[in-house]
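Engineer: Chain by chain, the residues:
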Amino acid sequence: EVQLVESGGGLVQPGGSLRLSCAASGFTFSSYWMGWVRQAPGKGLEWVANIAPGGSDKYYVGSVKGRFTISRDNAENSLYLQMNSLRGEDSAIYSCARWGVTAGLDSWGQGTLVTVSS
Amino acid sequence: QSALTQPRSVSGSPGQSVTISCTGTSSDVGAYNYVSWYQQHPDKAPQLMIYEVSKRPSGVPNRFSGSKSGNTASLTISGLQAEDEADYYCCSNAGSHIYVFGTGTKVTVL
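Protein chains in written order, with the working numbering: chain A, 1497 to 1614; chain B, 32 to 141.
To be clear, the hints were calculated from the coordinates, so they are not data collected in a lab.
Each hint should be verified, as a subset may be incorrect.
[Said to hold, decoys possible] A few chain B residues that don't get close to chain A, going by computed Cβ distances all over 12 Å:
no. : residue
1   : 37
2   : 45
3   : 98
[To be verified] Straight-line alpha carbon distances no greater than 30 Å define the calculated BS3-like cross-link-like pairs of lysine-lysine that follow:
no. : chain 1 : residue 1 : chain 2 : residue 2
4   : A       : 1539      : B       : 99
5   : A       : 1539      : B       : 86
6   : B       : 75        : A       : 1539
Since we're looking at a predicted model, the values are computed, not measured.
Note that CB positions come from ideal geometry on N, CA and C, so glycine has one too.
Sequences and hints are given; from them, build the entire structure.
Structural biologist: Spelled out as structure tokens, the structure:
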């Protein structure tokens, strides 16, 4: 069974940093594109970033470029999101998800809440 | 990268059909056949319902169908059931592994 479990969320001040982690199990992690999607409380889904299976290719939504970095450790079956220069509008539940061979996000974690506030 | 436009809400009685539109541009929906749809129940993770415009993952009931015309994709739920009440989001490729979601639609079963 595919499992994705996020951790690392919390309360951080504007301008601060946070590193999110996603532990993957139940599939060959190193073979899949992975991504982060966020959802502000009561709002819609927003794609944040994608990373290729080998980790070399990375893509971001414009609003986080230069501030967020997606990475992965295939030996540890883990996905990461380093978030710097955080802003209030970055407050959301952040979920990691797997891009299946179907070109859709076919598995999702439950998410970790990030709150940016002074 | 502007969000794709969806109606805020649609509703229907059990057994009826409802259609949710997802309007983008010639740079996303109109350019690629990588449109997917997700169902999200309250406080639950989204579930993939349709991928590549019209394909259903295994386990998704065949009352869910997808299509696309020009810059607009659509999700149709035929034979609406109570458990279909949820939020639905479209998602489109917008070039080179960049993606954009729709604004979301709440489906209410009357």
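Engineer: Could you run down the list of hints and mark each one as holding or not?
Structural biologist: Here's how the hints hold up against the structure:
{"no.": "1", "hint": "37", "result": "9 Å, violated"}
{"no.": "2", "hint": "45", "result": "26 Å, holds"}
{"no.": "3", "hint": "98", "result": "16 Å, holds"}
{"no.": "4", "hint": "1539/A to 99/B", "result": "25 Å, holds"}
{"no.": "5", "hint": "1539/A to 86/B", "result": "27 Å, holds"}
{"no.": "6", "hint": "75/B to 1539/A", "result": "14 Å, holds"}
In the structure shown, a violation is registered for the earlier hint numbered 1 alone.
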